[in-house]
Amino acid sequence: NAGVTQTPKFRVLKTGQSMTLLCAQDMNHEYMYWYRQDPGMGLRLIHYSVGEGTTAKGEVPDGYNVSRLKKQNFLLGLESAAPSQTSVYFCASSYTGFDTQYFGPGTRLTVL
Amino acid sequence: GQQVMQIPQYQHVQEGEDFTTYCNSSTTLSNIQWYKQRPGGHPVFLIQLVKSGEVKKQKRLTFQFGEAKKNSSLHITATQTTDVGTYFCAGVSTGGFKTIFGAGTRLFVKA
Chain E
1 NAGVTQTPKF RVLKTGQSMT LLCAQDMNHE YMYWYRQDPG MGLRLIHYSV
51 GEGTTAKGEV PDGYNVSRLK KQNFLLGLES AAPSQTSVYF CASSYTGFDT
101 QYFGPGTRLT VL
Chain V
1 GQQVMQIPQY QHVQEGEDFT TYCNSSTTLS NIQWYKQRPG GHPVFLIQLV
51 KSGEVKKQKR LTFQFGEAKK NSSLHITATQ TTDVGTYFCA GVSTGGFKTI
101 FGAGTRLFVK A
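For the protein sequence lines, the chains are E and V, in the order given. If you use the numbering used here, the first sequence corresponds to residues 1 to 112, in order. If you use the numbering used here, the second sequence corresponds to residues 1 to 111, in order.
Do not rely on the hints blindly, as some may be mistaken.
[Unchecked claim] Simulated pairs of lysine-lysine, DSS-like, Cα-Cα distance not exceeding 25 Å: (1) K71(E) x K14(E); (2) K110(V) x K57(V); (3) K71(E) x K98(V); (4) K110(V) x K59(V); (5) K57(V) x K9(E); (6) K98(V) x K57(E); (7) K70(E) x K57(E); (8) K98(V) x K70(E); (9) K110(V) x K98(V); (10) K56(V) x K36(V); (11) K57(V) x K70(V); (12) K70(V) x K51(V).
Since the hints were derived computationally from the structure, they do not count as laboratory data.
So that you can see chain E by itself, here it is in the shape it has in the complex:
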């Protein structure tokens, strides 16, 4: 039981490049979330999903897209990376919207 895993752990992009971050969970959770964490800003919700095939916007969705084709996976895409997207990205999952969230180890992204 690996919990929540994220790929990759680190990435450096040039402005304008695209990439996809992968989140996988093996706990059969319905809800999955993508957050970004910047110094002094806490956790800000980018997008979330309440089940397979569903996605919804969070607090800071601009510049990101997501997909939840399989229940266990939640993908976060950056179509044209910008330096303002330099951050640490955390994925999380939970049984319901009220339950404990289990976080992945994070992806540290730098956009030059």
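Got chain E sorted already, so can you dock chain V onto it with the hints?
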């Protein structure tokens, strides 16, 4: 929309001193959760409070949920260097389903 405010933003303590972080919501909460994030790590769930006025303890950590279910606190007695990190509260509004995180309180402990 719902907001969860957390104070202080930072706290420096000497090892052995007590520490408290406070969490306040603009709306009534159905529950409140507390997480700890060690430096360089990811948030890890500590506890969930559901009932009005609820108090829970985990060794040196005491968690309280306010009577009006709009505020909460985490108190650490006699801090240790292993307590360093950022403590987040997270609340779900009554009737809502999204968890909103506070900005966190970063605790520094000097040995």
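Next item on the list: Please flag the earlier hints that this structure goes against, numbers listed from lowest up.
Entry: 1, 5 and 9
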